[in-house]
Amino acid sequence: MALVPDPVYTVTYTFLDETGSKATTQAYIRQGLLIQDVIARATALAAALGAVSNAQITGYTISRSWTEDAPAGAGAGSRVERKGRTIWLADNYKTRIDIPSVAPAQILSDGALNRNSVQFLALRAVLLTDFVGDFTDSRGVSLDALAAAYESYVRTTPKRQPTRKLA
Amino acid sequence: MSQWRLRVWFQDASGTRSYTGAWLRSPNEAAIFAFVEALRGLSDAQITHVDISRRYPYTSQVPSGRDRGVAVLVHRAVDPSGGPELDAFPMWVPEADAGYARDLWGYPIDARGFASRAGYNVDNPLPEDGEPVSLDNEYPDDSDDYYLIAIRRNFWHKLLRDARAYNTLSFTLPDAQARRVRLDIRDLFLGVPMQEILQRLDTIIQLLQDGSANVDEIEYLLMQLIEALGAP
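Going line by line, the protein sequences match chains A and B.
Residue numbers for the first sequence, in the working numbering: 1 to 167.
Residue numbers for the second sequence, in the working numbering: 1 to 232.
Bound conformation, chain A alone:
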């Protein structure tokens, strides 16, 4: 059971033509490079694409993924609509990280998550102390405190209906 990296970074360029139509194209860069080198190559290709195309390049996205090679299998009764909702502070602004299908053992009788469990303390350490400055809110401000942690539910959307819907 391990996360296996895809062999490449994917760079997706977005084009806009004069009628307002959008299009994309993708290029791939091998893993194993420093991220600064990947960004530099992606930026250079953006300039080259802009030079050969009549369209405007509005931006590009660099992405990378890992796939679990041998998933352990979901626990019986697990449902992703049942969230463990954690609210973190970043310089007093709030940011949310949900835990899909939070394990029932992590939920206290009043609906709060057990903040003192080994598993929760591990998450807290990763976000606040073990990698200081790595985890941020969407503005780029580092997470600095936990504000709340509780069980929550989301409404089931069509995409989240069970694959087996009928009895």
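These are calculated hints, taken from the structure and not from any lab test.
As the structure is a computational prediction, the values presented were derived from the model and not from experiment.
Cβ atoms here follow ideal geometry from the backbone N, Cα and C, with glycine treated the same way.
One thing to keep in mind: the hints can contain errors.
[Stated by the list, open to error] Chain B is nowhere near these chain A residues, computed Cβ spacing over 10 Å in every case:
{"hint": "1", "residue": "L146"}
{"hint": "2", "residue": "Y150"}
{"hint": "3", "residue": "R155"}
[Unchecked claim] From the structure, some residues in chain B lie toward chain A, with a derived Cβ separation under 8 Å:
{"hint": "4", "residue": "D12"}
{"hint": "5", "residue": "D51"}
{"hint": "6", "residue": "A115"}
{"hint": "7", "residue": "A118"}
Got chain A; can you put chain B on it based on the hints?
Okay, now just chain B, sitting in the frame of chain A:
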């Protein structure tokens, strides 16, 4: 989006998928894996995959004209240590016909810095060998069926969205390949999986030629054809 967006994907016992996200200042693998392991301990769903992405805004020229069509560059991709051709790297460039697209690689950007999707090194295009080709007017001759396969495999969904461009392609091809393209377009409008139908017709013909067919087999294949064609 000035930060990296990390997504961790889960699947529960019912097969339903969902993800949770976090923002990162840099794609630090150690931080990503530690975050994933912490989530693994807190959830009873299984983690299936993880991705991270960041969008960079870019300001290029104002769009001008809509007359260049689409260029498809198809390059050879080889093993990092050299050796034979192992993959193709097709690339779709909107609003850039083949004449312009040929200028893509060279100073200051070299094709060797990029890879095919499977991770093989893209080789620098050589004259008359793996040169950029265009859907418009510079498609290789029928000895280069390889290119058509690469284009169909990688850009099928885009071609379906732009049947007119695909039809233009059919006019530039040798007869055999043009026929295949026109059948694809017919699939598009009829919603019929023509490739499957052709395969079954081939099977029927082969059975008849071999003299080994029985009525049940032929009837079964014909019923499949009728179903595929959408008959009630």
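Is the nearest CB of chain B more than 10 Å from the CB of Y150 of chain A? holds, 13 Å
Just to be careful: measuring from the Cβ of D51 of chain B to every Cβ in chain A, is the smallest value less than 8 Å? Where the cut-off is 8 Å and the nearest Cβ of chain A is about 4 Å from D51 of chain B, the hint holds.
Under 8 Å, Cβ to Cβ, is where D12 of chain B needs to be relative to chain A, so tell me if that hint holds or is violated. This interface hint holds because 4 Å falls under the 8 Å limit.
Would R155 of chain A pass as off the interface with chain B, using Cβ distances and a cut of 10 Å? holds, 13 Å
Can you verify the interface hint for A115 of chain B: is its Cβ closer than 8 Å to any Cβ in chain A? holds, 5 Å
Closer than 8 Å between Cβ atoms is the bar; does A118 of chain B clear it against chain A? Give me holds or violated. holds, 6 Å
Please verify that the nearest CB of chain B lies beyond 10 Å from L146 of chain A's CB. holds, 13 Å
Of the hints listed earlier, there is not a single one the structure fails to meet.
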